[in-house]
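Protein sequence lines, in the order shown, are assigned to chains A, B and C. If you're matching positions, the first sequence starts at -14 in the numbering used here and goes up one per residue. If you're matching positions, the second sequence starts at 4 in the numbering used here and goes up one per residue. If you're matching positions, the third sequence starts at 384 in the numbering used here and goes up one per residue.
Don't read these hints as lab results, they were simulated from the structure. Bear in mind the structure is a predicted one, so any value in this text is a computation, not a measurement. You may find that some hints are simply not true.
[As the list claims (entries may be wrong)] In silico DMTMM-like links for lysine to aspartate or glutamate, alpha-carbon gap of 25 Å or less:
id: 1; chain 1: A; residue 1: K195; chain 2: A; residue 2: E249
id: 2; chain 1: A; residue 1: K280; chain 2: A; residue 2: E256
id: 3; chain 1: A; residue 1: K330; chain 2: B; residue 2: E129
id: 4; chain 1: A; residue 1: K129; chain 2: A; residue 2: E150
id: 5; chain 1: A; residue 1: K147; chain 2: C; residue 2: D422
id: 6; chain 1: B; residue 1: K102; chain 2: C; residue 2: D422
id: 7; chain 1: A; residue 1: K195; chain 2: C; residue 2: E510
[What the hints assert, rightly or not] Derived list of chain C stretches under chain B, where covered just means 3 residues or more per stretch with a C-beta under 8 Å from a C-beta of chain B:
id: 8; segment: 526 to 540
id: 9; segment: 587 to 596
We treat Cβ as the ideally placed atom computed from N, Cα and C, and that holds for glycine.
The residues making up each chain are set out below.
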Amino acid sequence: MNKQTSPLKFLRLAVVSALALGLTACAPGSQAPDTAPTAAPVTSIDPASAGEVTLRLTDFWGANEGEWIESMVAQFEAKYPNIHIERTQEDWGQLTSTLNLQISEEAGPDIATANNGWQSLGTLAKGNLVLNLDQYAAAFGWDKLIPSTIARQNEFSTDFTKIGEGSLFGTPIARVQPIGIYYNIEKLTKLNVAPPATFAEFEAAAKKAKDAGEIPINYGSQDSPTAALLALQAVFGTAGSINDYVYGNPAVTAEQTGLTKAAETVQRWNEAGWFTPDHAGIDYQTAVANFVDGKGIFRFEYQGSLGLSVEQQSKFGYIQMRNENGGTVGVGASPAALVIATKCKNPDVAAAFLDFLMSQPAAQTAVDNGLIPLLHSDVTTPANMPLLKQEIEQIATIGESDGYVPYFDWASPGMLDVLVQQMQLMYGGRATPAELSTAVDVERNAFLAESAS
Amino acid sequence: MRTHKAETIVNYAMLVLLAIAVLFPVFAFVSAALSPDRSGIPVPGVFAWENFAIAWQEAEFSKSMVVSLTVAVSAVAAQLVLAVLGGYGFGVLNAAGQKFLYPLILFGIMVSIEAIIVPLYYQMRELQLTNSLPGYILIHVGTGVPFGVFWMRAAFRSLPRSIFEAAHIDGAGSIKMLLNVALPLVKPAILTYALLGFMWTWNDYFLSLIFLHGDNQTATVALGVFQGKYLTQFNLMAAGGLIIAAPVLILYIIFQRRFISGMLAGALKE
Amino acid sequence: MRRSRWMGLAMVLVPLLFYAVFMLAPICQSFSYSFYKWDGHSAATWVGLDNYLSFVTDPVLASTLSHVLVLIGFFALLPIVLGLASAALITRRALPGMALFRFIYFLPQVLTSVVVALVFKRLYGPEGPINESLRAVGLGSWTKAWLGDFDWALPALGLIGTWVTFGFCMVLFISGVSSIPTELYEAARVDGAGPLREFFAVTLPGLRSQLAVALTLTITGALRTFDLVWVTTRGGPGTSTLTPAIALYRAAFENPQVGQAAAIGIVMALLCLLIAVAIGRIAERE
Chain A
-14 MNKQTSPLKF LRLAVVSALA LGLTACAPGS QAPDTAPTAA PVTSIDPASA
36 GEVTLRLTDF WGANEGEWIE SMVAQFEAKY PNIHIERTQE DWGQLTSTLN
86 LQISEEAGPD IATANNGWQS LGTLAKGNLV LNLDQYAAAF GWDKLIPSTI
136 ARQNEFSTDF TKIGEGSLFG TPIARVQPIG IYYNIEKLTK LNVAPPATFA
186 EFEAAAKKAK DAGEIPINYG SQDSPTAALL ALQAVFGTAG SINDYVYGNP
236 AVTAEQTGLT KAAETVQRWN EAGWFTPDHA GIDYQTAVAN FVDGKGIFRF
286 EYQGSLGLSV EQQSKFGYIQ MRNENGGTVG VGASPAALVI ATKCKNPDVA
336 AAFLDFLMSQ PAAQTAVDNG LIPLLHSDVT TPANMPLLKQ EIEQIATIGE
386 SDGYVPYFDW ASPGMLDVLV QQMQLMYGGR ATPAELSTAV DVERNAFLAE
436 SAS
Chain B
4 MRTHKAETIV NYAMLVLLAI AVLFPVFAFV SAALSPDRSG IPVPGVFAWE
54 NFAIAWQEAE FSKSMVVSLT VAVSAVAAQL VLAVLGGYGF GVLNAAGQKF
104 LYPLILFGIM VSIEAIIVPL YYQMRELQLT NSLPGYILIH VGTGVPFGVF
154 WMRAAFRSLP RSIFEAAHID GAGSIKMLLN VALPLVKPAI LTYALLGFMW
204 TWNDYFLSLI FLHGDNQTAT VALGVFQGKY LTQFNLMAAG GLIIAAPVLI
254 LYIIFQRRFI SGMLAGALKE
Chain C
384 MRRSRWMGLA MVLVPLLFYA VFMLAPICQS FSYSFYKWDG HSAATWVGLD
434 NYLSFVTDPV LASTLSHVLV LIGFFALLPI VLGLASAALI TRRALPGMAL
484 FRFIYFLPQV LTSVVVALVF KRLYGPEGPI NESLRAVGLG SWTKAWLGDF
534 DWALPALGLI GTWVTFGFCM VLFISGVSSI PTELYEAARV DGAGPLREFF
584 AVTLPGLRSQ LAVALTLTIT GALRTFDLVW VTTRGGPGTS TLTPAIALYR
634 AAFENPQVGQ AAAIGIVMAL LCLLIAVAIG RIAERE
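I would like the entire structure built from these sequences, with the hints used as guidance.
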């Protein structure tokens, strides 16, 4: 290096110029409005009179869910030939981590699927990136259509200190997606075991599978280990405690929601070798693919996410495990919150599409694609779908015992990260189940403290 | 002479060993790409060439490859123009203020993209240039200036001064001199720079992950998304990987000397 | 000639403009962002040096720096030692076929990082070639999920870096050796120096500038690791492979804490600069 290009000289220059320019720079974000977003006014709820409109939709639905939304778009466009919807599909992780970027972009989506809770929907609402939908709720009659337990999943107070009350910032769709257990019918029959309904029965079945040299539980914990934990939480915890925790009641601890016991259980299974060997090196998509290929007897999974063809559906069964305190507890939530971007030029049309996604045809289309309907019970289940029939029956037990809970990771923006990391630490022998719960409480409490201030 | 021969054998043995270390992972990947098995475990004697066609369709590479190609070609073209202007201005014309300006530009070589990415994103968003190909190309052009100017300045300076003096006496102006005298002589440097620039732009992941979404995705990001979007079919993913690596690999095979000498020279002169 | 100097200024102003808009201005903005707490949307609040202090107070962020130290061992030290050893062993006579070997060694340099990551994801996978080979030779108990193991994930990632950079270092050193004047070696042999002393007395000093370059590039490469980790482990298991660049991405875009992200970027840039300056000075002083 010769004298002229000496790095020291650059450093000096850099500091001087940085100081010069840095002093003139102003605080970031000072142009952002400080006022709370008010509900969007409604001009018309009839898209037919809106003229030629093109809307961009970005969602994270693949497999059966992807077919459902494709069909919904086609039906909407057929109903209103003047409306065009351009759909983009991204994978779940990619979209939830970049939605707050995309939705503020000029060429970004007008309508998008957000994850409920603070991580995604809360951040979007707080940043005034998505519309307050209160006016539309009144105009379209959503306040009558959506039960309050479901509606509150999309509600935030307009000062953004509370979740579960206040204004509506997203809508559900006419589908529900609990976490349950899928099982391989052929393998379970071979073991001569009936589909388990209770936790004790499940463990007995898994033990029998292990003794027979099978992989009892198909699992991959590299990127997405939480389904098993949350399913077990719904076995040990009460619906009330989980609801309270997620909606920000500081008096409830993670331990009281059954989380510690759930963590102890998965850790015990891990140590007993009930999970797929080397699950720490298996990612979500690989684990699902392995299960569909016949590796493993049980799998904890979000309903409808296996991407089964009609022929494959006859090979798998579905269980909604009973709660240890009686009844059944399970996630009673739409698989996404649909949001309208603040910058959307035709919010009325967008709202009409959201309305359509909550309609009876949407529920029927869900069933036709092997998915569980919500908001409407007047649907007919196709005769050739035994798995779906079983899923509907099993999931109905949640409603019968009033056991609906939200997804646990909605509790704070960083909750999903914390759960994933803590579970991996636990499997790596670096954290105990009690420490996992403590870390969850710390994350949630820090968030509550910050939003209160 | 015996030692000479033994030495040669040892040398070759080591070279071969290291070559195997480099090639083994690549070989395992290629055999995964040709495997008919979803998990990518090779089946002896069976080569599923159709994996390439299936991957091409499923991941919609035709879209993202066109994006990558558009970006790389236009960014390199613009980078070249800027590099030639800067290199000529500094290297031949001794631009006024170069004592301050040239080190200022060189400083950019040492600035990592991470230091600028955050405000860059928020500023581009303000200008509505996020998720836009022109915006993304502009970023590549802007961040490519330091190395480009440095590279072309060195190339122009390596030319003998006498040819410029002769042209000057003949009455040629600065621009005429650049077009007629200097440019033809630095063609090799331009070609090397174009190759390196193409490779860097094509291989970029970080910037396009942040700045482009959906239909605007580049091939590298599309491959990463392919990984999370469908049930894992590693054989198809590997085939997709080879597809997106192909353009640069082909250039590398054709111009290997230029690539290697260019990267070594670029590194050493810094 | 005076006129041409102004002409030259006019020319360099064009690239300079781009440079100023896309690099200089953002650097300065980064600097000012780093003193604020900002979620990217609402108003920002001044927090002084808090974002920088997180490197001390936040154990997760602090751990990214120790991960970098491990990565430096694999990205920089290992390839350089390997490269030096092979450069020293290979005769200074031209070997026929060297062009082919150079072509192979340089291959990882031109492969896009996403593909490199996938290549190794396959290699390290539970049913990948490494585990299969272990099973084949009866070491089944040694198999593991290399990228999912707390002890092994970071070294496994590091070895990817070794694979990528060692060819570059080696080719760089071999070309450096060939430009060391032969007389120096002859003089050393006349003095009765063995191969080892020859290496330390002639080869190593002769490669000073190549060494400086290799060190600077590989160390800053280790510090800036993003693509490899993003595609393979995303920082997991736990946070055991989290790098500053991943932390920056998360802070900047996933859960926006823009000021924190800017501070990470500034710290990374300063470290890169510091490393370059330090290595440059040492190489110059010799």
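Hint-by-hint comparison with the structure:
Between K195(A) and E249(A), the direct Cα distance comes to roughly 19 Å. Compliance with the 25 Å bound is thereby established for this hinted pair. Using a Cα cut-off of 25 Å, the hinted pair K280(A) and E256(A) holds, with the two alpha carbons roughly 19 Å apart. The straight-line distance between the Cα atoms of K330(A) and E129(B) is roughly 18 Å, inside the 25 Å bound, and the hint therefore holds. Distance restraint check for K129(A) and E150(A): the Cα-Cα separation of roughly 16 Å lies within the 25 Å cut-off, and the hinted pair is therefore satisfied.
Restraint check for K147(A) and D422(C): satisfied, since their Cα atoms lie roughly 18 Å apart, inside the 25 Å limit. A C-alpha spacing of about 41 Å is found between K102(B) and D422(C), which places the hinted pair above 25 Å, so the restraint is violated. Annotation: proposed proximity of K195(A) to E510(C) holds, straight-line Cα distance about 21 Å (limit 25 Å). For the segment 526 to 540 of chain C, the stated coverage by chain B is violated: 0 residues have a C-beta nearer than 8 Å to a C-beta of that chain, whereas at least 3 were required.
Look at the segment 587 to 596 of chain C against chain B: 3 of its residues bring a Cβ nearer than 8 Å to a Cβ of that chain, three or more, so the hint holds.
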